[in-house]
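Trainee: If you're matching positions, the sequence shown starts at 23 in the working numbering and goes up one per residue.
These are calculated hints, taken from the structure and not from any lab test.
This structure is a prediction, so every number in the text was calculated from the model and none was measured.
There may be inaccurate statements among the hints.
Taking CB as the label site, the calculated pair distances span [what the hints assert, rightly or not]:
1. Val279 x Val103: 45 to 55 Å
2. Leu193 x Ala266: 17 to 27 Å
3. Thr90 x Arg259: 36 to 46 Å
4. Ala321 x Val133: 43 to 53 Å
5. Leu57 x Val197: 17 to 27 Å
6. Val177 x Leu120: 26 to 36 Å
7. Leu277 x Leu351: 18 to 28 Å
Using N, Cα and C, we set each Cβ at its ideal position, and we do this for glycine too.
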Amino acid sequence: MIGTTADSASTRRPPGPVDPPVDTPPDGVRSREGLARPLAVANLVCQVGIVVTGGLVRLTGSGLGCPTWPQCVPGSYTPVVEQPEGYHRLVEFGNRLLTLVLTAVAVATLVAVVRLAGRSRDAGSASEGRGRRGLILLGAAPLAGVLAQAVLGGVTVLTSLHPATVAAHFLLSMVIVAGSTVLLLRLRPPTVWDHRPRAEVRLLVAGLAVTTAVVVVLGTVVTGSGPHSGDADEPARFGLDPRAMSWIHADAALLLVGLAIAVTVALRLVGAPESARRRSGDLLAVLLLQALVGYVQYATDLPEVLVAAHMLGASLLVVTVTAVATAVLDPRGASPDHDSPPGHLPSPS
Numbered sequence: 023m024i025g026t027t028a029d030s031a032s033t034r035r036p037p038g039p040v041d042p043p044v045d046t047p048p049d050g051v052r053s054r055e056g057l058a059r060p061l062a063v064a065n066l067v068c069q070v071g072i073v074v075t076g077g078l079v080r081l082t083g084s085g086l087g088c089p090t091w092p093q094c095v096p097g098s099y100t101p102v103v104e105q106p107e108g109y110h111r112l113v114e115f116g117n118r119l120l121t122l123v124l125t126a127v128a129v130a131t132l133v134a135v136v137r138l139a140g141r142s143r144d145a146g147s148a149s150e151g152r153g154r155r156g157l158i159l160l161g162a163a164p165l166a167g168v169l170a171q172a173v174l175g176g177v178t179v180l181t182s183l184h185p186a187t188v189a190a191h192f193l194l195s196m197v198i199v200a201g202s203t204v205l206l207l208r209l210r211p212p213t214v215w216d217h218r219p220r221a222e223v224r225l226l227v228a229g230l231a232v233t234t235a236v237v238v239v240l241g242t243v244v245t246g247s248g249p250h251s252g253d254a255d256e257p258a259r260f261g262l263d264p265r266a267m268s269w270i271h272a273d274a275a276l277l278l279v280g281l282a283i284a285v286t287v288a289l290r291l292v293g294a295p296e297s298a299r300r301r302s303g304d305l306l307a308v309l310l311l312q313a314l315v316g317y318v319q320y321a322t323d324l325p326e327v328l329v330a331a332h333m334l335g336a337s338l339l340v341v342t343v344t345a346v347a348t349a350v351l352d353p354r355g356a357s358p359d360h361d362s363p364p365g366h367l368p369s370p371s
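Just need the whole structure built from these sequences, with the hints factored in.
Mentor: Here it is as structure tokens:
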């Protein structure tokens, strides 16, 4: 009895402040996930990679290296020696082949996610059942996006690289990257809050996401007004002033930097989970590097290597903004009925 009492007393926690929220995986998640998470990582890497290779097609003027679709030239699905497009045909056809790799990875990811959902079907509540259905839909999104991109890519070629279809092609890629990021995060341990994020923080993050979308769209308008059309012979442009559009894009980017700083500070002040604060730090680092590349490429007359780096940065920006938005707007472990107390800000840890 004495030993039992002593053991109980030794394990009793002294009164004091609540520990900061800790991100811990649900029981059994790691044992059930199988290949789903590694494949989701591969899918996200491939989705970002195809953005960069697609940019290289445009920057080398190879967008019409295969002047028709779905064939490369009339009568052949592969390039032919007598094509007048020269090496451009190989660049464009190589990018088309990468779509097959992307499709294979997307199919494998979907199969792994479906198997993961099936293994956990017998256990859990109705809400967990809805979560499994949502996970399967997320798993199907990359494949659906790749198929849509193949069609839109064909439309882009058939419209002779009109800047509107080129912009739509890129923006759909950003949507797929965002969806692939959400899928990967759903397969990782959730960001667990000990309270519902404050309304002000949620509003800041929502504004951050909307502003990011505006910045990305304006970036495609700048691209459609600048020198890199994707066709070495007959460039198609929006007809807007590239300098004016660049400064409008830069103004929106400055607003985005301010919002990212505000979100980073706010998450620290409200005692957000460590993973949420880490994601906001990653976002700020990517955003500052992206802004630096953007200003340097503008000042140096858009060298191809910096334009390609800027496209990679845009993809990473979408990844990091999506990660922050998921952590704050889809919190786990918080009571849905209570925000953090309005009169109290937990001490930052």
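Trainee: Does each hint fit the structure? Answer for all of them.
Mentor: Against the structure, the hints come out as follows:
1. Val279 x Val103: 45 to 55 Å: Holds: the Cβ-Cβ distance is about 50 Å, inside 45 to 55 Å.
2. Leu193 x Ala266: 17 to 27 Å: With Cβ atoms ~21 Å apart, the hint holds.
3. Thr90 x Arg259: 36 to 46 Å: The hint (36 to 46 Å, Cβ to Cβ) is violated, given that threonine 90 and arginine 259 are roughly 22 Å apart.
4. Ala321 x Val133: 43 to 53 Å: 47 Å, holds
5. Leu57 x Val197: 17 to 27 Å: 25 Å, holds
6. Val177 x Leu120: 26 to 36 Å: At 19 Å between Cβs, range violated.
7. Leu277 x Leu351: 18 to 28 Å: With Cβ atoms ~20 Å apart, the hint holds.
Violated hints, in rising order: 3, 6; the structure is consistent with all others.
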